[in-house]
Amino acid sequence: MKRKNAGDDKPQTELHRLLLLLGLPFMHEHHQAFADRATKDGLAYPTYLEKLAEGEVAMRHDRTIQRRIAQARFPVIKTMELFDWSWPTKIDRPYVQNLFRLAFIQDKANVILLGGVGLGKSHIAASLGYAACLKGCRL
Numbered sequence: 008m009k010r011k012n013a014g015d016d017k018p019q020t021e022l023h024r025l026l027l028l029l030g031l032p033f034m035h036e037h038h039q040a041f042a043d044r045a046t047k048d049g050l051a052y053p054t055y056l057e058k059l060a061e062g063e064v065a066m067r068h069d070r071t072i073q074r075r076i077a078q079a080r081f082p083v084i085k086t087m088e089l090f091d092w093s094w095p096t097k098i099d100r101p102y103v104q105n106l107f108r109l110a111f112i113q114d115k116a117n118v119i120l121l122g123g124v125g126l127g128k129s130h131i132a133a134s135l136g137y138a139a140c141l142k143g144c145r146l
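For what it's worth, our numbering labels the leading residue of the sequence shown as 8, then goes sequentially.
It cannot be assumed that every hint is accurate.
As the list claims (entries may be wrong) - DEER-style ranges, computed between Cβ atoms:
# : residue 1 : residue 2 : range
1 : Ile84     : Glu21     : 41 to 47 Å
2 : Ser93     : Pro32     : 44 to 50 Å
3 : Leu121    : Arg67     : 38 to 44 Å
4 : Gly123    : Leu89     : 18 to 24 Å
Please keep in mind that the hints were generated in silico from the structure rather than gathered at the bench. From a predicted model like this one, the values you see are computed outputs, not experimental measurements. Every residue, glycine too, gets a C-beta built ideally from N, C-alpha and C.
Construct the complete structure from the given sequences, taking the supplied hints into account.
Dropping the structure here:
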């Protein structure tokens, strides 16, 4: 069954309505393109559905990460790729890099960064927070 939405020139199928009701925006937006591609490539229905579900999961994962980053309220996104390892000269690089395994979070341990002004403590802390968001760590 097809219907038109108020103010919309595109007919709405029952599938569109159901996907919106179920809260599946990726599937709602991409199911027709995926169906056309599946027909062209001769994909079986389960494979078509699997590809749609993978897209939905990926979109939800991306939104979750973006929401965690927004909740963290980082003043600026910092990563260790941007860190200047040449200054300070006495930083324990392997130890700092090991922190990015994020084992301290699972261990419920604290990380304390000590040093003078301008040595990169805030950069490292912000980078750790960002890395935790990307790994899916919760507040």
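Hint check, failures only: When the structure is compared with the hints, none of them turns out to be violated.
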